[in-house]
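Let the sequences and hints guide you as you build the complete structure.
Protein sequence lines correspond, in order, to chains A and B.
Residue numbers 1 to 115, in my numbering, belong to the letters of the first sequence in order.
Residue numbers 116 to 230, in my numbering, belong to the letters of the second sequence in order.
Treat each hint with caution, since some may be false.
Said to hold, decoys possible - With a straight-line cut-off of 25 Å between C-alpha atoms, the simulated SDA-like cross-links for lysine to any residue are:
(1) B:K153 x A:S24
(2) B:K222 x A:F64
(3) A:K101 x A:S79
The hints are simulated quantities; they were obtained by calculation from the structure and are not laboratory data.
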Amino acid sequence: KAGVTQTPRYLIKTRGQQVTLSCSPISGHRSVSWYQQTPGQGLQFLFEYFSETQRNKGNFPGRFSGRQFSNSRSEMNVSTLELGDSALYLCASSGTSGTAKNIQYFGAGTRLSVL
Amino acid sequence: AQKVTQAQTEISVVEKEDVTLDCVYETRDTTYYLFWYKQPPSGELVFLIRRNSFDEQNEISGRYSWNFQKSTSSFNFTITASQVVDSAVYFCALNYGGSQGNLIFGKGTKLSVKP
Numbered sequence: 001k002a003g004v005t006q007t008p009r010y011l012i013k014t015r016g017q018q019v020t021l022s023c024s025p026i027s028g029h030r031s032v033s034w035y036q037q038t039p040g041q042g043l044q045f046l047f048e049y050f051s052e053t054q055r056n057k058g059n060f061p062g063r064f065s066g067r068q069f070s071n072s073r074s075e076m077n078v079s080t081l082e083l084g085d086s087a088l089y090l091c092a093s094s095g096t097s098g099t100a101k102n103i104q105y106f107g108a109g110t111r112l113s114v115l
Numbered sequence: 116a117q118k119v120t121q122a123q124t125e126i127s128v129v130e131k132e133d134v135t136l137d138c139v140y141e142t143r144d145t146t147y148y149l150f151w152y153k154q155p156p157s158g159e160l161v162f163l164i165r166r167n168s169f170d171e172q173n174e175i176s177g178r179y180s181w182n183f184q185k186s187t188s189s190f191n192f193t194i195t196a197s198q199v200v201d202s203a204v205y206f207c208a209l210n211y212g213g214s215q216g217n218l219i220f221g222k223g224t225k226l227s228v229k230p
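In structure tokens form, the structure reads like this:
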């Protein structure tokens with residue numbers, strides 16, 4: 001079974017631009033969560049989508065948004081980029097049945113640099 | 116408040132030494148899950164173990180073992196006979212009732228195993 005796939009792996013943007021990151025979950029997983037990882041703040045939860053609906057949201061400004069498609073693939077968007085948005089963005093998917101229920105499996109991440 | 120504390124920022128050991136990574140958590144919920152993840156330099160978070168709040172049995176998997184003690188709100192991780200390949204950042208995380216899809220992470224412990 002293929003793991004969680006995130007594209008692109010690396011991105012360089014300038015302040016004020018917007019960016020879209022993509023995440024393909026493990027086949028059969030309907031929950032997708034997004035996290036931001038920075039040296040200062042560590043790993044912080046952004047939001048979670050389940051069956052195309054946002055189920056949980058972390059404490060981030062409205063510039064951070066996401067969506068989930070009917071095939072469970074998810075995208076997150078950051079508008080009006082700031083220098084502080086430079087981070088590793090990690091996506092995780094989890095299933096709803098079996099022994100691996102609710103275990104989050106992570107992708108390799110997208111490293112975003114804002115100049 | 117929900118919180119995970121990993122007091123050890125960095126640990127350095129010589130190969131074949133045993134090493135214990137500490138994790139202390141806070142939650143008011145009676146139903147919760149605790150996790151350990153490993154993050155090698157490649158960036159991907161690798162799932163190691165999940166424990167639920169009703170199961171205090173210790174677990175051993177090869178060279179890895181976990182000690183869960185509700186009385187002290189701790190979920191410590193021991194690597195026996197460490198190897199260079201164990202070098203990584205290790206994260207402890209909490210998922211409490213009602214927050215499905217939202218993991219609260221500790222700041223991580225960077226383990227360096229030298230040959």
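Okay, the hints, checked on the actual structure:
no. : hint           : result
1   : B:K153 x A:S24 : holds, 21 Å
2   : B:K222 x A:F64 : holds, 23 Å
3   : A:K101 x A:S79 : violated, 33 Å
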